[in-house]
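These protein sequence lines map, in sequence, to chains U and R. Okay, so the first sequence: first residue is 0 according to numbering that gives the first Met the number 0, each after it adds one. Okay, so the second sequence: first residue is 0 according to numbering that gives the first Met the number 0, each after it adds one.
The hints are simulated quantities; they were obtained by calculation from the structure and are not laboratory data. Heads up, the beta-carbon is just placed ideally off N, CA and C, and yes, glycines get one too. Worth double-checking, as some hints may not be accurate.
Below, a sample of chain U positions facing chain R; criterion: calculated Cβ distance under 7 Å [claimed, not checked]:
#: 1; residue: ASN51
#: 2; residue: PHE71
#: 3; residue: LEU500
Quick look at which bits of chain R chain U covers, simulated, 3 or more residues with Cβ under 8 Å [said to hold, decoys possible]:
#: 4; region: 37 to 46
#: 5; region: 61 to 69
Just the calculated beta-carbon pair ranges, DEER-fashion [claimed, not checked]:
#: 6; chain 1: U; residue 1: ARG248; chain 2: R; residue 2: LYS17; range: 42 to 48 Å
#: 7; chain 1: U; residue 1: LYS270; chain 2: R; residue 2: VAL18; range: 32 to 38 Å
#: 8; chain 1: U; residue 1: ASP19; chain 2: R; residue 2: GLN39; range: 44 to 50 Å
#: 9; chain 1: R; residue 1: VAL43; chain 2: U; residue 2: ASP316; range: 21 to 27 Å
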Amino acid sequence: MLDLSFETPKPKVIQGAAQDWELVIGLEVHAQVSSNAKLFSGASTTFGAEPNSNVAFVDAAMPGMLPVINEFCVAQAVRTGLGLNAEINLMSAFDRKNYFYPDLPQGYQISQLYHPIVGEGEILVDMGPGVARRVRIERIHLEQDAGKSIHDMDPHMSFVDLNRTGVALMEIVSRPDIRGPEEAAAYVVKLRQILRYLGTCDGNMQNGSLRADVNVSICEPGAYERYQETQDFSHLGTRCEIKNMNSMRFIQAAIEYEARRQIKIVEGGGKVDQETRLYDPDKGETRSMRSKEEAHDYRYFPCPDLLPLEIEQAWVDDIAASLPELPDEKKARFVTDFGITEYDASVLTAEAENAAFFEEVARGRDGKMAANWVINELFGRLKKEDHDITESPMSAAQLGGILDLIAKGDISGKIAKDLFEIVYTEGGDPAGIVEARGMKQVTDTGAIEAAVDQIIADNPAQVEKAKENPKLAGWFVGQVMKATGGKANPKAVNEIVAKKLSS
Amino acid sequence: MSIDIETARRVAKLARIKVEDEDLPALAGEFNTILGFIEQLNEVDIDGVEPMTSVTPMRLKRREDVVTSGGMQDKILSNAPDAREGFFAVPKVVE
């Protein structure tokens, strides 16, 4: 059994004017399901298409059109649930959430209020080596996404694109187990990582594939522990919901601002109103969305167009059998199998593709050295050009080849870096390049001795000084390295210089 | 449950149906008649009875994850009162 033990982080404490306050945070993450077609229609989900070209008559809510569920989207939700160790409900059902908005032609969103497809699960949110917060998941339900309104193309009109209308979303609802802005961001990072490992959501926040609504309240130190013991919400403060955030930075800034706003109200003798708020990144503040409040009477009722969704345990088991190794297990395995630090393992497992690349480099080689080269050299180089691992011009076999040359003593660490650059920019077989360009380390002591003798003969004054002060031997080593174009084995040079100077 | 005039007004507003003030009492009355009729169902004891979702034993129909529709911007926009550059153009809605 892999060791997944951890310590729980301390909650964030904010000092008010009068006393200390703690934060209680819960998130609702909307994750767009990775699929070809929409949840209830055969229109494409491709991002960035011509406006209103990925729209079926079902999405446009033409009269008489009926929704037919995309089975793959259901499988993706189940897969996500299994990846979060959650309960899968073999019977779930769809409800209508009624409201009017131009980007929702049906006048209702098909969602799952009463019987979600996924029940309780959990996520381990990493806060540093050996420190993690266990966050409970309350539920995941399937629902339709809305279209997109553009408000800045005309002073008097809004422009509506229904391409996103009807794309499948998973709403992933956490319990209020998150205790600070950093934890909230780390929660989204971890959730995104798991979804990407599972292949159920691409996690592209810029394109809106992952968006978070954040519930924030404040409480006095100790109150949260009373809530956890009793699960009685009355121990907690009144919460506000900050809608629709699509960046980790904004999530943190919005929570920080919102907590201070609530502290100010409560310390001033006021009461926090439960409401929906919007974060304004330009001003760095949240503001009330009163208009939304008024319309918040959704009159949910079971969708008469859709029978309950019944799935079979055998089908769920098949999906479970196809799950990949997930980040927590992979990280723990990397630490054990390759002898690398937990920190390095976290970096390497951040993306499944990175982890696979590292594993190929590390297999049969020194794990620490492989981690070092993948993280510092390769990731560093890729980052410089804003590339990710899938765009790497260097394959795992090529990098492995360089490491083999170092291990064999064919090249020094310094030459290896030059070789890395050549292979990265020009491609080719590392061993072949070393051979063809004469980059092989000189381990032949005869050749090194000759070079040392030459330097000693040319610099009699330095030799005298070095005999009095052995530290000056470094100068000779440097000269020899220079004379051999850096190819001399540094260890051999050191030994020979020391020997010659003391004779 | 009984619907008063204010509730009738609210329901009309949520449904985006314009109802004149003088028509509200009659509307509320009709609601109450309908609800009263339906309330008779509460007299039936349904403890332990599973909700019937269909009169025939049917399984929810599924589709495969294949793109079978789309690419008809002109048809989608053909009923729009106003459309520009491929978008529906509607009176400004801003939060």
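Exercise for review: State the violated hints by number, sorted upward, taking the hints as numbered earlier in the document.
Suggested key: Checked against the structure, the hints that fail are numbers 3, 4, 8 and 9, while the rest are satisfied.
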